[in-house]
Amino acid sequence: MTTPPLKTLVCLKRVVDTETRVRVAPDGREIDLAGVQFIIAPYDEMAVERALQLREAAGDGRVTVLTVGPEAATKELRSALAMGADDALHLVCDGRLDAAQTAALIAEAVRDRDLDLVLCGKQATDDDDAAVGPLLAAHLGWPCVAFAHALDVEGRTAVVRRELDGESEVLEVALPAVVTAQKGLAEPRYPGLKGIMAAKKKPLESRRAEPPAARTERVALALPPARGALRTVEPTAEGLRGLLTALRDEKKVL
Amino acid sequence: MADPLLIYAELTQGAAGRTLKRSALEAATVARRLADAAGARVVALLPAPCPEGEAALFEHGVDEVRVAPASPAGRYLLEHEAPLLAAQVEALGPALVLVAASPAGKELSATLAGHTGRGLVADAVDLAPAPGGYEATKPVLAGKAVATVRVGAPAVVSLRPNAVPPAPAPRAPARAEVARPPAGDRVRLREVVPAAEKRRELTEADVIVSGGRGLGGPEHWGLILDLAQALGAAHGASRAVVDAGWRPHAEQVGQTGKTVSPKLYVACGISGAIQHLAGMSSSKVVVAVNKDPEAPIFRVADFGVVGDVHQVLPLFAQVAREFLGPA
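Those sequence lines, one after another, are chains A and B. Taking this note's numbering, I'd label the letters of the first sequence as residues 1 to 254. Taking this note's numbering, I'd label the letters of the second sequence as residues 255 to 581.
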């Protein structure tokens, strides 16, 4: 079956690079951003890629990218435009937002838009909540499938595959719907020079957004406790038996 | 009397048959502790009949089990479970709804928070009372840091599997049958494809054996599967291995794969890229096998075996079978 042209919105978040070594900022609540690189959250980038692939398969359609975040997040929107998205919407908002606030702002901004599909990454790789997609679907009153590792569209139905309890489910979802991306959905392309040049001229709407009151508050951030000293195990039968004894009797993990 | 606490007791599904997940008993344990502090009752919603599961819930601090008929889909489907859970939340007005932070549980808890406007904390590893609500501890940045988050009641919290050991706290059984509200039909199950090989859910496994590029090629993966079998473990893979196409995405452990916290994590031929360490460093005990004594994986390991995985793993599997008996 051929892919129909779709109006797709992809929500993405500016996050610290996954290679970042984390330090806690002096406020004891956030990470120290000095010298940190930012990227599009990796699962969000997979969602952008799949939206572009579906548009290319249909030969028509529109891919809009959206972010909620500081002024600087324009860079991540431009990156998505360089990959091939058609236009961008930036809801400018400073400071920490929880998933519920983010989803509420997105819902308010897109409620009256004519959309077939909203894609998000399964989770942003900073707060790791995996919540914005389902929250947004709840606000919009749309069906939702989280953790999709494959997505196709047949007519007015999205066909989504995801893994649950070690089995792969194939779900049929009536559009419009919200789908969140798990690894495997698509391998993000690198924007070429042409894409980067074209992105500079693509429409990017930026407006201030006032979040609703938060129902959660982060009160502290800490590094995980350090492990004890490494115990060396000889790669011999005797060494490994000693290891198994320690794992069973001392650590009680076997 | 204080508002009750409600847990959604997740069941396994599909080929494995219908059994209560251990994560439900973990949620019951946390709920019991909080309920005792508040003088409240713990109610569990069981989304399908499961007598053994019911008994286990009563053994772990649940005062009342509400049993729903099985979903018409025969398995978890958000369109069916969200209205069921919402109806019980409406009926009970619980101060807290506790759900396992499994893939299904994360989807369900966020949906409930969206529909009810309750505050949400996802993927908590601990939960304590706080003025006006709760204080949760949750890993962020795939475990590179741990955040303390306050949420006002009424709240929804998803609890990471394996974070809290289930504790017995027997209660007198009280049971009610509840109806399923009409479900939406916008999501339908077309088919269920069983995994090509028996695969345990990594995020809920007690023991995980993971392999990396040090294996040398997919043809050597039998070494990982054999050791996993000997230890009764689930098996995972590093990003390098998944990106190289040796193993499926579902097995990837790391910041762009699965974040796991088993009791025991055995890393074999994994050098320990920061994004892999992020995904497994909350494991209780880490054993690393690597021929390079300088590999970063040893910095997060409790036990280190310096040696070639091709020699060490077969020996390790053999010794484990002698030591533990046939798995």
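Fair warning: there could be bad hints in the mix.
To spell it out: a stretch of chain A is covered by chain B in this simulated footprint if at least three of its residues, at any positions, have a beta carbon under 8 Å from a beta carbon of chain B; those stretches are [what the hints assert, rightly or not]:
#1 94-103
#2 212-219
Pulled from the structure, derived: some chain B residues nowhere near chain A, Cβ distances all over 12 Å [as the list claims (entries may be wrong)]:
#3 Asp257
#4 Ala310
#5 Pro424
#6 Arg442
#7 Glu445
#8 Glu455
#9 Pro516
#10 Ala527
Think of the hints as simulated: they come from the structure by calculation, not from any bench. Glycine included, every Cβ here is placed at the ideal spot set by N, Cα and C.
Against the structure, the hints:
1. 94-103: holds (count 4)
2. 212-219: holds (count 5)
3. Asp257: Per Cβ check, aspartate 257/B is outside 12 Å of chain A; nearest 17 Å; holds.
4. Ala310: holds (18 Å)
5. Pro424: holds (24 Å)
6. Arg442: At about 5 Å from chain A, arginine 442/B fails to clear the 12 Å cut-off, so the statement is violated.
7. Glu445: violated (5 Å)
8. Glu455: Violated, because the least Cβ-Cβ distance between glutamate 455/B and chain A comes to about 6 Å, which does not exceed 12 Å.
9. Pro516: At about 8 Å from chain A, proline 516/B fails to clear the 12 Å cut-off, so the statement is violated.
10. Ala527: violated (8 Å)
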